[in-house]
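There are 2 protein chains.
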Amino acid sequence: MEVNYAEKVLGGSIRALSRLISYLEDEDEEAYAVLEMLYPFTGTSYIIGITGSHGTGKSTLTGRLTHVIRREGLTVGIVAVDPSSPFTGGALLGDRIRMGELSTDPGVFIRSMATRGSLGGLARATRDVVKVLDAFGKDVIIVETVGVGQDEVDIVSIADSVCLLLVPGLGDAIQMMKAGLMEIADIFVVNKADRPGADQLNAEIRMRIKQGEQFKPTEWGLPIVETIAVDGKGIEDLWQTIKQHRNFLEKSGKLIERRQEQIGQETLRVIHEQLFRVIRQRLQDSGHLDCIGQEVMKGKHNPYSTAREIIKSWLPACPI
Amino acid sequence: MEVNYAEKVLGGSIRALSRLISYLEDEDEEAYAVLEMLYPFTGTSYIIGITGSHGTGKSTLTGRLTHVIRREGLTVGIVAVDPSSPFTGGALLGDRIRMGELSTDPGVFIRSMATRGSLGGLARATRDVVKVLDAFGKDVIIVETVGVGQDEVDIVSIADSVCLLLVPGLGDAIQMMKAGLMEIADIFVVNKADRPGADQLNAEIRMRIKQGEQFKPTEWGLPIVETIAVDGKGIEDLWQTIKQHRNFLEKSGKLIERRQEQIGQETLRVIHEQLFRVIRQRLQDSGHLDCIGQEVMKGKHNPYSTAREIIKSWLPACPI
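Protein chains in written order, with my numbering: chain A, 3 to 322; chain B, 3 to 322.
Chain A on its own, in the form it takes in the complex (with noise of 0.2 Å):
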């Protein structure tokens, strides 16, 4: 890379964090080193994760929401992440641009995420991007995602406030819960609470909220924010729940609590990444895969036996 990222990044250049972004899309060496460099500089951002699955109107929310954070004169970063319609991607963009001042706001930046090549690819870029967001200097950040995967889970899961949307009728509140978001999840927010069967949804998240708390009970009573986001009603409610969560994690030490698990979870990613990766190289350098296929075909062992034993020599003394 010819130009100092790191240093033009931390500058304020919006041109260079838009192509650092880009470089680590891609998953390039230079970028990552670059990432390294501004790790320092992190930790400062406060990042919330909106999830909900299609049609629940996340998009317009994460705008509206936005809006009620510029007024405070904080500055946001957006993360949008979309692998299961990487072709809806456009019109996302689209209507946040239709929706006007936010685009043209220099204290607003946004970003689009496609479905990236590699194994867990996408989770990685999305954790790399709001890590250069972060150094970045931006106050919050908001990543949003649909809740559907594991992918999902797991990029939502770097939020210090998961914010889960639901819409009455849409019948899909019982599988989001299912889908493991319950145990994620820091603020309900019932949105296009207009509609009928918002009561009921309300009772419903009510009724899973103590079922969970029998199980792990928590410290946080789990709130339940209603909201029309398309008429902007109850955003600013929302955004003091998200600050009122804040404030609760600062307190009572599951900030820091939170943060270092984090980082031992990103620790052991980056070592799964780049040990898979010498391993890779090696088998595909050396050959070996080829025979591996030509083995198995001939009976003599399986993908399984053969994956076991070829851990079993890069690492010792590992029980499998």
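Note that these hints are calculated values from the structure, not bench results.
Treat the hints with caution; some may be incorrect.
If chains are identical, the list can't say which one is meant, so a pair holds when it fits in one copy or spans any two.
In the DSBU-like style, the derived pairs of lysine-lysine whose C-alpha atoms are separated by at most 35 Å in a straight line are [stated by the list, open to error]:
no., residue 1, residue 2
1, Lys302, Lys314
2, Lys300, Lys212
3, Lys10, Lys212
4, Lys235, Lys314
5, Lys314, Lys245
6, Lys10, Lys235
7, Lys314, Lys256
8, Lys300, Lys253
Dock chain B against the given chain A, drawing on the hints supplied.
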């Protein structure tokens, strides 16, 4: 597991087959051991992939194609995957049940897959189910999946013949091709071919095929088959084309080549999964994982440098 599932599945028990698949979806360790026992009995099924975005009529086409295949006395396994909308899983299966005879035909086994827990879990579970159906003795296995996202491309790439469904007027042809499906499609299917715009779509596909051939010439001239699945039109044609493709793969030695490569890739994936488990176990057992978070937050290290150090200590000889 109390029963010998491998023996029962090989003996033709549909009950054991269904149970084993459920265990595999739950990532049960014992089920993986059964899968390993079944491995030597796999490799005889012919695998057809049917992919295309929502609304292209994949399920209807799959149903019709199954009828045609059954008429030749061949047994069929259907694996339907839809990770982007697990909520529609029930509806899809409902459509199939409404299709009538299929669900009561003992020569047909249908399985709808939902989104599963771990990273790439769905792709893995799908491959596992295909393996089990293969060992069970199905002549043909159809894997039906929405062509969106890397998981999807991974899933459909296990097929011997990949059919890409496109519909006139849906405007997604170019996007599907951008998503890397062009490279893995063996047969293009223009479904709902009586709709306006069929000729244009046909021309568009032909142009793309021509462009593709400039970069990667192939001995198999990519065919386009027109169907109206809902009326059963063109399905016999499609089946004949699939058989021609199979014949081409077998005669040219490409079937063996393809499967050898798949085994290599499968082994890599198993290594990827097991490696993560092994690494996590090691770091957790040693209490290392908790320390990392604390050290990084003190500003002494970052996750990337920490990861490098750990890998170095494990793999002293590796250049990272």
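Practice task
May I ask which of the numbered hints given earlier this structure violates, with the numbers listed in increasing order?
Solution key: When the structure is compared with the hints, numbers 2, 3, 4, 5 and 6 turn out to be violated.
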